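Enquirer: Chain by chain, the residues run as shown.
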Amino acid sequence: MSAPSRPLALTVLLVLLAVTALLPFVLSNFRLFQFTQVFIYAIALLGLNMLTGYNGQISLGHGAFYALGAYTAAVMMDRWNVPFLLTVPAAGVLCLGAGFLFGIPALRLEGLYLALATFSLALAVPQILKYFEHWTGGSQGLVLTKPDAPLGLRLTPDQWLYFVSLAVLVFLMIVAWNLLRGRTGRALVAIRDHPIAAEAMGVNSALYKSLAFGVSAGYTGVAGALSAGAIAFVAPDAFNVFLSITFLVGIVIGGLASISGAILGALFIQFVPNWAQDISKAAPWAIYGVFLIVFMYTMPRGIAGTAQALWGRLARADVRSSPAKGGLL
Amino acid sequence: MRFRTVALSLTVVATLALAAWAGAADTPGVTATEVKIGHTNPYSGNASAYGTIGKVITAYFKKANEEGGVNGRKINFVTYDDAYSPPKTVEMVRKLVEQDQVAFVFNTLGTPTNSAIHKYMNQQKVPHLFLATGATKWGDPEHFPWTMGWQPTYQTEGKIYAQYILNNVPNAKVGILYQNDDYGKDYVKGLKDGLGDAAKKIIVMEQTYEATDATIDSQIVNLKNSGANVFYNVTIPKYAVQAIKKTHDIGWKPLHLLNNVSASVGQVMKPVGSDASRGILTTQYLKDPTDPQWKNDKGYQDWLAFMKKYYPEGNVEDAFNVYGYSAAQTMVQVLKQCGNDLSRESIMKQAASLKDFMLPMALPGIKVNTGPKDFYPIEQEQLAKFDGERWVLFGEVYDASKK
Amino acid sequence: MDIFLQQVVSGLATGGIYASLALALVMIYQATDVVNFAQGEMAMFSTYLAWSMLNAGLPYWVAFAATLALAFVGGLLIERIVIRPVENAPVLAVVIVCIGLLVILNSVAGWIYSYIQKPFPSPFPNAPIKLGNVVFGAHDLGAIGITLVVLLFLYVFFRYTTLGLAMRAAAQNPVSSRLCGVRVGWMLAIGWGLAALVGAVAGIMVAPIVFLDPNMMAGILIYAFASATLGGFTSPGGAVVGGLLVGVIENLVGTYVRFIGTELKLTVALAIIVIVLVVKPSGLFGRVVVRRV
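Here the protein sequences line up with chains A, B and C, keeping their order.
What the first sequence shows, in our numbering, is residues 1 to 329, in sequence order.
What the second sequence shows, in our numbering, is residues 1 to 403, in sequence order.
What the third sequence shows, in our numbering, is residues 1 to 293, in sequence order.
What the hints contain is simulated information worked out from the structure, not anything from laboratory work.
As the structure is a prediction and not an experimental result, all values here were calculated from the model.
Among the clues, some could well be false.
Claimed, not checked - Chain A stretches covered by chain B per the calculated footprint, using a threshold of three residues with CB under 8 Å from any CB of chain B:
#	stretch
1	32–46
2	131–140
3	180–191
Built from N, CA and C at the ideal position, the CB exists for glycine as well.
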């Protein structure tokens, strides 16, 4: 974004945040639950976007990290009675580690081959969850107690989860923004667009790539942990391959390499399937498919990408962070 | 003009009074003219084959409404797509209960999906009736007084096979193929419980498959190689056809026990051909619409006429359409029994007071019975053997409630 | 030993299924540089067309040829109508359009033909073939044979015909090709048409084994993707070898790695593939792409 627009953008952002913070006192618990889901998806998409959007590594397996995060929270709550709020950072740290480790062999893989490796992860996770029945409850899953607000806060569990998810989202967005606008962000984008040149410039490609994997998985794991609380149930069937594909759909529709794109994408994957079934019960998937195609026709760079381009044209500034045409992204 | 206004206001007053008298005003989703019922089902995604159940139920309630509704009330059936995804089920059921304000939720489909809302329904004290899944946990009135299953449980069916094996197959060596999820595991548990101590000796091999597998050939080869002479086939139709065909192709001739889930003549037995399917055993509780023996049966013909009139785009070879039809009939019976008291407590009470209710598409002799401590509506099943064309029922009707 | 051979044979049969669809994936990747997630559903839809024609009484091979022709035209039209508008968009946008296509085709097939699975005839004899104690279906053998024929056809087409050469050029360097007079747009469309045709063959060969239903290809697509990657996305022969290997590996893991059993056989098979990829990052037979700065 160009410099003169920054105060305006900041004002818009603050107003939006204020409105979001007031919503719990206006909307029904059910609507809050839906928006909580949006925040949770947005966190996951933010994570995936760092990896795929900024760093150019395609992952079709982020559902696996989402599942790992959800199960970390679920097992800690169910087996050890750990308070919900503590399980969220624990899930994040665990997934960060798992993602970092997975990112090391993934360094050797690119494009399609990386996509398959990550896709394998998404396929394998439900099986693995069923296999370790003692911890995970096997295919029955684990039924959890919905976390209550701490004493003294007169909030319903839905309001509480809404605020927790919102706070985590805002915090992680700020972290992401700080990470991506500086040195690290430039390194990630450089690796995406010109890997060899970046290396020649002294960017430690291997380190940044596995770090991107780790942080991205960590974000997604946090989202998974929050979802375990919001849904109050985890089962292997909730984390099938289609979840990972949905995440990919989310970041592309929302806008690659864009922080706000994560929220827009989350709104899409949460609400558009519902509209599709309102239009047709006979073939809701057909309607959903049409939505996907129409979105890509009208906004091939995603909602945020298109908005940014418009903004850029208005502000006569170039859109720096959008990927090169014909590139991977 | 004036007369009309007076008449109108009188009607309004009368309606209000009636509603108040019925206590209906207290129950969400119930008015003097309407009862609102919620439902979820996969209309999209990999499990969309089940989608027809939601459609046939919609059609049946339309028929009931055209015939005057239940005790003067029309049924307003609200059904949503959950794509067989537990988080989506939670969202949709919360929408039904909190936003649409349904009186109760009926025939939600799937074990993981219903597990996700099990606790919620009971905390909210909203009836969660006649679930479309055969897991055993739905019949636990002590801990979950608002949840009730409908079909015979998978474990019950497993026990029937166990009994058959113990009584009829000396030196039985059982090989099992099951889907690696709770549906498959429930069936295996039923069989093992039924076999008792002998289970360890009798079961020589267990093989699993995932619902994403392309084929199950390898598992069949292993089962044959294990020397099993009984094949306990716990697969959904997609894999049942493959399993039956492969068993035949590699020349394995065990006693073949096929779970009821895949016992459809049109969906499974006919496609694999009579050579491969002859001699297979299953258990049944509903009439198979593709089985020629019911051709002149009154229940079948009524069902067929219903399908033609209210759900013409539905497939009359699809056993799911009999399933949904029968579940909806059970629901209507409960509403009838409720009379004018449609409070949630009353609905639950009547659901637990079904006495010898006969479903036109259930096998002869099979009745629906529930009680305050019996939350398993259908507990009877009968063994049947496939003669290449139809299922031939044999033996007595097995009644799990009497064991 | 018998069980080992039987598992290998049955793995080859299943692998043949993966190989046939993997071939279609590689085909479209070579011709257009896109991984078509809708490939499986396109094949499924073509198979339904064949089923309709057989049901109407057409002889098998007539229906077969007609389906191939229809699939080719259908693929061509999909490229012209659905893919063309995102031709210059980022690759991931095209992937999303393909996913959209996947869900549409799946849903529409279920809507038209219902989800009742249908038997699909095989052109090969019904009786299984026995060699010693090892049994295999004549259809399995025939299907692998047909996959190899398709492979040979593709090889000859891309290697020895002008059109094939033009298509490869168009995919690899559109700008230069255009300068040389290659009509790049049409080349891409023909690529989609051919991939749809190869997919239709796969569908028709797969349906007798797994039976025809709208979700017939969902699982197979996953394995085909793995097979194509293992073999190398730039090599049609690699895709076939990859498919057969995946089939055999999976069976042997499920049979011999006792503590894993069938519950984790897919996981282990995938782990093996990923390990192979880490050693050979472009697949077993893939071309290593040399990048210039």
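Enquirer: Can you give the numbers of the hints that this structure goes against, from lowest to highest?
Expert: The structure conflicts with hint 3 only, although it agrees with all the remaining ones.
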